[in-house]
Amino acid sequence: MNILITGLITGSMLALLAIGFSLIFGVARIVNIAHTAFYMIAAYTIYFLSAKLGVSPFWAMLIAVAVVVALGLLAYRFLIDPIREHEAAVLIATIALAMIMQEAMLLIFTGDYLTVSALIQGFFVVGGVKVFHQQVLTFVVVLIILAALWLLLMKTNLGLAIRSTAEDREVANLMGMNESRLAMITMAISVALAGLTGAVIVPLAVVSPFMWMEPLIIMMAVVVLGGLGSIKGSFVAAYILGFTEALVVFLIPKGAFLKGSVALSIMILVLLLRPEGLFGVSFEEER
Amino acid sequence: MLLEISHLTVRYEKAVLINDLTLSVDTGELVSLVGPNGAGKSTTLRAISGLVAWEREIKRRSTSGDIFLDGTVTFDGERIEAIPAHEIVRRGLVLCPERRRPFREMTVLENLLAGAYLQKDKRKSRETLEKVYALFPVLKERTRQISGTLSGGEQQMLAIGRALMSEPQLLCIDEPSTGLAPIMRQEVFAKIEEIKRLGITILLVEQEVSTVFKLAARNYVLSSGKLIAHGRGEELLKDETLRKTYLGM
Ligand SMILES: Nc1ncnc2c1ncn2[C@@H]1O[C@H](COP(=O)(O)OP(=O)(O)O)[C@@H](O)[C@H]1O
Ligand SMILES: [Mg+2]
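Respectively, the protein sequence lines represent chains H and W.
In terms of the working numbering, the numbers along the first sequence are unbroken and rise by one, the last being 1286.
In terms of the working numbering, the numbers along the second sequence are unbroken and rise by one, the last being 234.
Each hint should be verified, as a subset may be incorrect.
[What the hints assert, rightly or not] Distance ranges between label pairs, derived from CB positions:
hint : chain 1 : residue 1 : chain 2 : residue 2 : range
1    : H       : V1139     : W       : R(-4)     : 54 to 60 Å
2    : H       : E1275     : W       : T7        : 44 to 50 Å
3    : W       : T226      : H       : H1085     : 45 to 51 Å
4    : W       : D5        : H       : H1085     : 32 to 38 Å
5    : H       : S1116     : W       : K44       : 49 to 55 Å
6    : W       : P69       : H       : S1055     : 52 to 58 Å
7    : H       : I1251     : W       : G137      : 50 to 56 Å
8    : H       : L1257     : W       : K107      : 50 to 56 Å
9    : W       : E72       : H       : A1088     : 56 to 62 Å
10   : H       : F1108     : W       : R(-4)     : 51 to 57 Å
No lab work stands behind these hints: they were computed from the structure.
Keep in mind it's a predicted model, so treat the numbers as computed, not measured.
Even glycine gets a Cβ: it sits at the ideal position worked out from N, Cα and C.
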């Protein structure tokens, strides 16, 4: 039961992170290593607003997402966009960006572990296991976000343009889709998802300047398992890894630190056995 | 003239892909551009639809070689060689690219709607969709099918249909019959004639010279980036060397 709940929550959180990461990779071939660092920024913003300034948690979350989107767009405009056609440079630049954000948080908030109180207190018991209301809330909110994202991608003109560009940006260009504007919009959506993940998870997690690293590794494993650039793949793989993680923690209670290694092992196995992932799209560069 | 290409030159690094090409298409015409493989036919279409300039921008940003583009392209009285590709469609010039290139993971309908991306009036794109379905009934039958699972011929119909969804004045089609079975080829050519009858001007790049010469009023023959002949099909075919060396007939 416990595994089910943690698995669902971790899986949903990973799905949000991995889909955001996949989106911007699909549309603009940007591998954004700083993706989970934006998630950390959202967590800190919420901590600062709610614990220090006494802003209500709901508003703190909205402001945090806005802050992260603004930062993401700034980073895109001045750091990533100018070198966007240079994959190695983007990789290095986003690693540097993540480190900068980590150091900035260290400077401002020190390395102390911080916590934010739950939005709703209390728990109920199912099958002998305590389920906190906050866990349910987080799960429901994540599902709503995923549904909204699905609607955006599948049912709107913008979503159509994003998917077209992800599939073949040259042909998308021929259809009148402004590829560089779409890349920017997608970046905004992508970091908004990272920010939202941070926002919904913060009452359940510990806030620290290094909190971006573990999710980054597991998110990468998700993306590799699901197939780079495949949104459906990210979704399925997120739950697979979410449950794996919960299972590892359950089977080896003292081995929570193994989570990252298990994710890495899965990633390496997938790369060896089926490099295109579960729902892999093979990327032939079209000309 | 609807389209006028004047002294167009395209170089990739040192390689000259198009060499001082001048060509024009009048409203309502079906004009063909033929020539051996690697002659620069696709590059010509890519240049007028803005893709060469777009590629040049990418290469500059990734510092992976340079593209040189010179000459003028006038469409409907407006110079378009400096206009970005995604803005050129808006003006009524659309390219149906080589190798069809449908959005393979999307349905037939989504592909067609992508073609109408710039049409913000949903009622109008609905109307255009009905016209495209009338022209290609097979697409209507397969509205919800994932386009990657269509046959080659159907994918070609889809690619042309998608281009038509932008309601173009000039439709450029790059090798629509290549790789298709003979019956399918004839059908594609029949559709192209039908599109012409709808009043859409067509610039057609093709390998299958014998059929194309019957369709097109005027033909340009390109080889190694240079224009080597121009005229009506039967006149061009009279020239023995031209026929043997450049048209492979
Ligand atoms: N991106 C490119 N970089 C360098 N050379 C290219 C590129 N694309 C095409 N070429 C070369 O340009 C020439 C013309 O190509 P293309 O326009 O595709 O010919 P066609 O469509 O007539 O077969 C060919 O020799 C081809 O090898
Ligand atoms: Mg070609």
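Is 32 to 38 Å respected by the C-beta to C-beta distance linking D5 (chain W) and H1085 (chain H)? For H1085 (chain H) against D5 (chain W), whose Cβ atoms are near 33 Å apart, the range 32 to 38 Å holds.
Could you check the hint for me, namely that S1116 (chain H) and K44 (chain W) are 49 to 55 Å apart, CB to CB? Since the Cβ atoms of S1116 (chain H) and K44 (chain W) sit about 53 Å apart, the hinted range of 49 to 55 Å holds.
At the C-beta level, are L1257 (chain H) and K107 (chain W) separated by a distance inside 50 to 56 Å? Holds: the Cβ-Cβ distance is about 53 Å, inside 50 to 56 Å.
I want to verify a distance hint. Is the separation of the beta carbons of P69 (chain W) and S1055 (chain H) within 52 to 58 Å? 45 Å Cβ-Cβ, so the 52 to 58 Å window is violated.
With respect to the beta-carbon atoms only, verify the hint that F1108 (chain H) and R(-4) (chain W) lie 51 to 57 Å apart. Because 55 Å falls inside the window, the suggested range holds.
Cβ separation of I1251 (chain H) and G137 (chain W), checked against the hinted range 50 to 56 Å: 54 Å Cβ-Cβ, so the 50 to 56 Å window holds.
Pairwise beta carbon distance, E1275 (chain H) to T7 (chain W), judged against the given window 44 to 50 Å: holds (46 Å)
Just tell me: holds or violated, for the beta carbon distance of V1139 (chain H) and R(-4) (chain W) against 54 to 60 Å? holds (59 Å)
State, for the Cβ atoms of T226 (chain W) and H1085 (chain H), whether the hinted interval 45 to 51 Å holds or is violated. Given range 45 to 51 Å: holds, Cβ gap about 48 Å.
For the hint 56 to 62 Å, verify it against the beta carbon of E72 (chain W) and that of A1088 (chain H). At 28 Å between Cβs, range violated.
In summary, the structure is inconsistent with hints 6 and 9 from the numbered list given earlier, while agreeing with the others.
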